[in-house]
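Keeping their order, the protein sequence lines are chains V and U. Residue 406, in the numbering used here, is where the first sequence stops; the numbers in between run on with no holes. Residue 406, in the numbering used here, is where the second sequence stops; the numbers in between run on with no holes.
Everything labelled a hint here was simulated from the structure, so no lab data went into it. It is possible that part of the hints are untrue.
Intra- or inter-copy, both count: the list cannot distinguish identical chains.
[What the hints assert, rightly or not] Using 35 Å as the maximum straight-line C-alpha spacing, the simulated DSBU-like pairs for lysine-lysine come out as follows:
hint, residue 1, residue 2
1, 343, 402
2, 253, 382
3, 294, 343
4, 253, 343
5, 300, 402
There are 2 protein chains.
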Amino acid sequence: MEIFPLSEIPLVGLGDDVGELLLESCERQRIELEDGDVVVVAQSIVSKAEGNVMDLTSIEPSSRSKRIADEIGEDPRKVEVILNQTEEIVRVKHVLISRTHHGFVCADAGVDSSNVEAGKVTKLPENPDVSAKKIRKRIKEKTGKEVAVIISDSWGRPFRLGAVGFAVGVSGMKPLMDLRGRKDIYGVPLETTIIAPPDSLAAVASLEMGEANERVPAVLIKGATYEPGEGCISELIRSKEKDLFR
Amino acid sequence: MEIFPLSEIPLVGLGDDVGELLLESCERQRIELEDGDVVVVAQSIVSKAEGNVMDLTSIEPSSRSKRIADEIGEDPRKVEVILNQTEEIVRVKHVLISRTHHGFVCADAGVDSSNVEAGKVTKLPENPDVSAKKIRKRIKEKTGKEVAVIISDSWGRPFRLGAVGFAVGVSGMKPLMDLRGRKDIYGVPLETTIIAPPDSLAAVASLEMGEANERVPAVLIKGATYEPGEGCISELIRSKEKDLFR
């Protein structure tokens with residue numbers, strides 16, 4: 161497997177064509193796209209291109225937002241944006257953990273003030289699968305190549321410290337790969353193994369992208385193991401009722 | 161970043177020198193080790209080499225093990241091994257989620273009946289950091305190269321479906337990389353970002369290894385982002401009291 165940082169992508173603004181920008185980066189670096197490649201794109205640039213950026217000066221926080229902001233030492237206007245993205249508050253204690261309307265459980269409902277202009281925050285794309293599909297379609301149109309696209313974000317986790325990348329949107333890749341019935345090295349069929357390639361690839365991609373001023377908002381992965389196909393990111397979400405870890 | 165599967169490693173048994181076996185695989189594949197490379201090794205072969213393999217025929221399950229086995233439809237002798245590895249039972253419902261004596265929260269306390277001879281199970285290494293250090297030291301002795309070593313296992317997760325790789329032991333790499341204070345693309349210092357490179361690398365390594373009969377129990381990673389140094393895997397564990405996701 162090979163992982164190429166897609167660097168020198170200009171700062172992204174509303175209406176920019178992310179697929180186009182990724183292809184230009186590939187071209188500058190003389191990376192040839194092939195069928196089966198995987199492109200992982202940071203949530204931040206997709207959100208900026210789609211206008212999922214909120215100017216905090218335009219936000220009037222509710223009294224509830226003010227109360228929570230007080231509790232966690234956050235800007236009440238940012239909390240207002242977070243609550244608008246929130247289906248359910250999971251925990252308020254130092255930080256705000258919520259379940260977003262997509263079904264993701266993460267800090268601040270994915271609302272982020274890093275790598276965006278001062279006084280602004282990005283929200284997760286409204287429908288990250290659609291965002292991924294749009295990029296994939298553009299790449300297909302321009303190159304004829306069938307790639308898979310993952311939209312990624314970096315999150316903290318239960319039980320473990322340190323953020324890692326997660327997939328928040330996917331296109332051209334089955335979110336879950338069911339290995340049940342495949343034989344192990346002793347010929348015994350696997351009984352329970354189902355894996356999540358989009359999360360594994362988002363994890364390493366986020367590490368390659370960096371979180372600071374690396375200016376690498378996307379990576380190209382060659383030789384990754386995955387099942388091409390359609391699917392949606394909600395397939396990766398454990399329903400609250402069936403979450404045996406909670 | 162480049163990820164090379166270390167294939168054609170023979171079936172590992174008690175007392176085998178895992179470091180040696182990895183180097184032989186590199187040699188056969190003409191992969192040259194360099195300073196800064198990362199070797200990720202599956203828990204299964206480390207456990208086998210260290211004798212962390214239990215023959216179920218030798219196990220006499222307690223009445224508690226029998227009761228739990230009944231509830232989850234599992235072999236009571238395997239449950240007995242799991243409970244011996246368990247510090248605290250997190251959940252018993254279809255599966256057994258426990259916190260191991262290392263502090264990891266995972267299904268079956270990491271006890272695994274796949275990729276081991278019929279009637280046997282592997283347990284996690286007693287001290288996976290020591291296991292990683294031993295392999296790293298062997299590689300240093302034989303090649304003079306300073307690599308980092310991660311021992312990995314595949315686990316399910318709260319909130320998300322599908323297994324991904326996690327680091328269970330580490331040597332030569334700081335488990336957490338603190339990016340607070342580094343500037344983002346707009347020159348604003350990051351306030352909270354701490355990342356977990358060992359988990360990100362274990363995630364992609366497990367995908368490359370496969371879970372079935374691929375016969376790739378280790379991978380070599382070139383060009384990974386990490387901070388060389390000493391540290392222990394417990395630094396990656398969120399203490400129960402500070403787990404804001406629970």
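Evaluated hints:
1. 343 to 402: For residue 343 and residue 402, only the intra-copy Cα distance (27 Å) is at most 35 Å; the inter-copy one is 40 Å.
2. 253 to 382: So residue 253 and residue 382 fail the 35 Å test inside a copy (41 Å) and across (39 Å) alike.
3. 294 to 343: between (37 Å within a copy, 31 Å between copies)
4. 253 to 343: Between copies, since 26 Å is at most 35 Å while 46 Å is not.
5. 300 to 402: Answer is neither: 38 Å inside a copy and 46 Å across each miss the 35 Å cutoff.
Comparing the model with each earlier hint shows violations of hints 2, 5; every other hint is respected.
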